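Quick note, the sequences are listed as chains A and B, same order.
So for the first sequence, our numbering puts the first residue at 344; every next one is plus one.
So for the second sequence, our numbering puts the first residue at 416; every next one is plus one.
Hints should not be assumed to be uniformly reliable.
[Unchecked claim] Mimicking SDA-like on lysine to any residue, the simulated pairs with C-alpha atoms at most 20 Å apart in a straight line are: (1) K472(B) to N345(A); (2) K472(B) to G344(A); (3) K426(B) to V480(B); (4) K472(B) to T449(A).
The set of hints was computed from the structure by calculation and includes no laboratory data.
Being a predicted model, the structure only gives us computed values, none of them experimental.
Here is what each chain is made of, one letter per residue.
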Amino acid sequence: GNSVTQMEGPVTLSEEAFLTINCTYTATGYPSLFWYVQYPGEGLQLLLKATKADDKGSNKGFEATYRKETTSFHLEKGSVQVSDSAVYFCALAYNAGNMLTFGGGTRLMVKP
Amino acid sequence: DAGITQSPRYKITETGRQVTLMCHQTWSHSYMFWYRQDLGHGLRLIYYSAAADITDKGEVPDGYVVSRSKTENFPLTLESATRSQTSVYFCASSDQSTKGYGYTFGSGTRLTVV
Numbered sequence: 344g345n346s347v348t349q350m351e352g353p354v355t356l357s358e359e360a361f362l363t364i365n366c367t368y369t370a371t372g373y374p375s376l377f378w379y380v381q382y383p384g385e386g387l388q389l390l391l392k393a394t395k396a397d398d399k400g401s402n403k404g405f406e407a408t409y410r411k412e413t414t415s416f417h418l419e420k421g422s423v424q425v426s427d428s429a430v431y432f433c434a435l436a437y438n439a440g441n442m443l444t445f446g447g448g449t450r451l452m453v454k455p
Numbered sequence: 416d417a418g419i420t421q422s423p424r425y426k427i428t429e430t431g432r433q434v435t436l437m438c439h440q441t442w443s444h445s446y447m448f449w450y451r452q453d454l455g456h457g458l459r460l461i462y463y464s465a466a467a468d469i470t471d472k473g474e475v476p477d478g479y480v481v482s483r484s485k486t487e488n489f490p491l492t493l494e495s496a497t498r499s500q501t502s503v504y505f506c507a508s509s510d511q512s513t514k515g516y517g518y519t520f521g522s523g524t525r526l527t528v529v
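One chain only, chain B, in its complex shape (with noise of 0.2 Å):
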C-alpha cells in the first residue's frame, strides 16, 4: 500500500535491551525524519535524513541510532533502552519542497521500556 508504515504499532522492552523501531515509505521522498512526542515536550526531533546514506542529529538524538541504506527505509534503534525513553515515535517523510507541501506522518509506535 502506498504511504508511510511503522512497525510495530506498540512494543514492550526492558531496560538495557537493544530494540529498532522500523519505517517504511512508498513515495521515495528524500528526506524523513524521526520524532518524538512526551507529554508537555511536544514533538522532539531525534535524527533525519535528507536522502540515502545522508543522516543528521536532530535536537534529542543521544541513545538513539540510525541508519539510511535505502531511500524507503529509515529505521531507529535504541541501542541500550532506558526508561526515560518510553514515548511515542513518529516517522514522517518529505520531498525536496517540504515548505509548500509539509510532512506526512507515519501512526506512530507506542514504546514503553520496563
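Only chain A is shown next, with the shape it has when bound in the complex (with noise of 0.2 Å):
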C-alpha cells in the first residue's frame, strides 16, 4: 500500500539556519505530493504541492521537489525564521478513495 516515511525530529536550528526535512513515499502510479504545516495549537494548513515528476512547490520561501527517481520530496528553506517553528507533514494523494496518506510529521523548533 501506499506509505509516506518522514525523517524523525524534533529538528533544532539557529535562525537563519538552511533547512532540510526529508520524505520519502511508496506508491504505485503517479501520486501529487504534499506538504502541511500545523502551527502550536491550530489545524493543520496546506504549505505547498507538487501534482507530477520533477514539479517544484513553493510557497513562504519553502520549496520542494518532487523526484520521482528517488521516491522523494524533501522540503528545504534557506533561512529559518523562529515564526517557523511548526510540525511538518508530508503526504500524498492518489486517486483511489480520494484519501490523502500522512507521514508522521516531524516537528521543527527554531532559536533566535
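Quick one: dock chain against chain with the hints and give me the complex.
If you want it as C-alpha cells, here you go:
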C-alpha cells in the first residue's frame, strides 16, 4: 500500500539556518505530494504541493521537488525564522478513494 | 463564514458519557474526514465520508460513530467515552480532486476524558 516516511524530529535550528526535512514515499502510479504545516494550537494548513514528477512546489520561502527516481519530496528553506517553528507533515494523494496518506510529522524548533 | 468549523474547541467529559463533536463545511465538498492526533502516532483516520449517507471506517474506528445526513455536516460521536479517547480531533474536507488540492482542515477539538 501507499506510505510516507519522514525524518523523526525534533529538528532544532538557529534562526537563518538552512532547513531540510526529508520525506520519502511508497506508492503505485503517480501520486500528488503535499507538505502541510501545523502551528501550535492550530489545524493543518497546506504549505505546498506538486502534482507530477519534477514539479517544484513553493510557498513562503519553502520549496520541495517531486523526485520520482528517488521517490522523495524533501522540504527545504534557505533561512528559517522563529515563526517557522511548527510540525510539518508530508503527504501523498492517490486517486483511489480520494485519500491522503500522511507521514508521522516532524517538529521544527527555531531558536533566536 | 466560509470554511470548515469544528465545535466545541475544547471539551472535558467523564468516562462513560456520550459526546458529539461537530464539523461543518460551507463549500459543499463531497469528502469529509475525521482524524485524531496523538503524540507518537501522528494523524490517524477514524472515519470518512464520500457523500451524504455514505460513510466508511478508517484506521481506528472502534468506539466512534458518524453520520452524514447533509453534505455540510459530519458529526463524530463517542458513544461511551474512555480515557484512551483523550486526543485532539480534526475534521477535514476535500472536493472530488484531492489528488490536486489536498484537504482543508478545521482548527480541531481538544477532548479530555476524565
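Against the structure, the hints:
1. Among the hinted pairs, K472(B) with N345(A) is consistent with the structure: their alpha-carbon atoms are about 17 Å apart, no more than 20 Å.
2. For the hint linking K472(B) to G344(A), the alpha-carbon distance of about 17 Å falls within 20 Å, and the restraint holds.
3. Of the pairs offered as hints, the one joining K426(B) and V480(B) holds, with about 18 Å between alpha carbons and a cut-off of 20 Å not exceeded.
4. For the proposed pair K472(B) and T449(A), the alpha carbon gap of about 26 Å is over 20 Å, so the pair is violated.
Against the hints set out earlier in the document, a violation occurs for number 4 only.
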